Amino acid sequence: MEITLKQPDDWHLHLRDDEAMTSVLAHSARRFARAIVMPNLKPPVTSTDLARAYRERILDALPTDMAFDPLMTLYMTDRLSRDEVSRAKQSGIVKGIKLYPAGATTNSDAGVTDIQKLYPVLDAMQREGLPLLIHAEVTEPAVDIFDRERVFIDRHLSPLSKAFPELPMVFEHVTTKDAVDFVKSSGGRIAASITVQHLMYNRNTMLAGGIRPHYYCLPILKRESHRLALIAAATSGDPRFFLGTDSAPHPQGAKECACGCAGCYTAHAAIELYAEIFEQADALDKLEGFASLYGADFYGLPRNNGTITLKKNPWQVPETYPFGGQQVVPLAAGQWLQWQLID
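Under our numbering, the first residue of the sequence shown carries the number 30, and numbering increases by one thereafter.
Be careful, since some hints might not be right.
As the list claims (entries may be wrong) - Distance condition first, Cα-Cα at most 16 Å in a straight line; then the derived EDC-like pairs of lysine to aspartate or glutamate:
{"hint": "1", "residue 1": "341", "residue 2": "308"}
{"hint": "2", "residue 1": "35", "residue 2": "326"}
{"hint": "3", "residue 1": "341", "residue 2": "305"}
{"hint": "4", "residue 1": "35", "residue 2": "372"}
{"hint": "5", "residue 1": "35", "residue 2": "314"}
{"hint": "6", "residue 1": "315", "residue 2": "305"}
{"hint": "7", "residue 1": "206", "residue 2": "176"}
Note that these hints are calculated values from the structure, not bench results.
Here the structure is a predicted model, which means the values were calculated and not measured.
Using the sequences plus the hints, can you model the full thing?
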């Protein structure tokens, strides 16, 4: 059995930098024509000039036999200016600005401390039509980690959507039924990306019977009822929900330690894993829209002309992949997958 899709895009990807980036870039480039590349490097990508330089490093690291278009983003800080928003839009290479609440995830220490103070910048983004990409979690220690997405919706996202009704927003890596319901109740200017891990697993996978650090990501895996809501959204054919892997590689030792990093590495088999999820939901006919069409439409970009083919051909995921002189443990390490990408 085979299925052929318009070549998909990844609307949320962490590529890291330097030797680490070189180790993982081909996995994404083999599967996806384009990707929204996250800006949370050290130091973060806070200007159009930095984004242009990062893009050049990505293209320089790309294998010569692969085509891949990195779509750049800026890291929103408290100091982002309206002039920088205009420069980003005019550059043609920056496709969004990422809002990380300070301390929300990996390398987010320079993130936003008070969203309301950035309303003039958000107004400029609305005028320019430059999307706001949101890691939608509050970070106060008093808020339970499993409730941080829901609290962010009530405290910040609902007011933002009312204050800036024409600002395109992507609710990144949604994890709850609350998030799905919010996107459904909003106008067409708010969309959401959904990851492999949040479609495949619930929090029992990470915590029951022992802590499994390679399932730890932020936003954290939630209960089963939320996972089922995400599957229903992803397979519904609703164009407001599309593929975003949030593939985030970390060295094995940084995950398997007393205070492990958040992030799942999925680029090695992303489209294959989505295919398994959609097949299990009896919705393979909806995969192309979710993976290849809806994200491009939302960002106002042309759909890809090329195609990929997946074949029902079981293969075993390696236990590790090289990662910048170290190793990264991929999602589903050592497991057998039923769908395989064929060249």
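| residue 341 paired with residue 308 [C-alpha distance capped at 16 Å] | Roughly 11 Å between the alpha carbons, so the hint for residue 341 and residue 308 holds.
| task | For the pair supplied as a hint, residue 35 and residue 372, confirm whether the alpha-carbon distance does not exceed 16 Å. | result | Roughly 14 Å separates the two Cα atoms, so the pair holds.
| task | Compare the distance between the alpha carbons of residue 35 and residue 314 with 16 Å, and conclude whether the hinted pair is satisfied. | result | Distance of about 12 Å is within 16 Å: holds.
| Is the straight-line distance between the alpha-carbon of residue 35 and that of residue 326 16 Å or less? | Roughly 13 Å between the alpha carbons, so the hint for residue 35 and residue 326 holds.
| Given pair status - residue 305, residue 341, alpha carbons within 16 Å | holds, 10 Å
| field | Hinted pair residue 315 and residue 305, Cα distance within 16 Å | value | At roughly 12 Å apart (the allowed maximum being 16 Å), residue 305 and residue 315 satisfy the hint.
| Straight-line Cα separation of residue 206 and residue 176 no greater than 16 Å? | holds, 12 Å
The structure meets every hint from the earlier list without exception.
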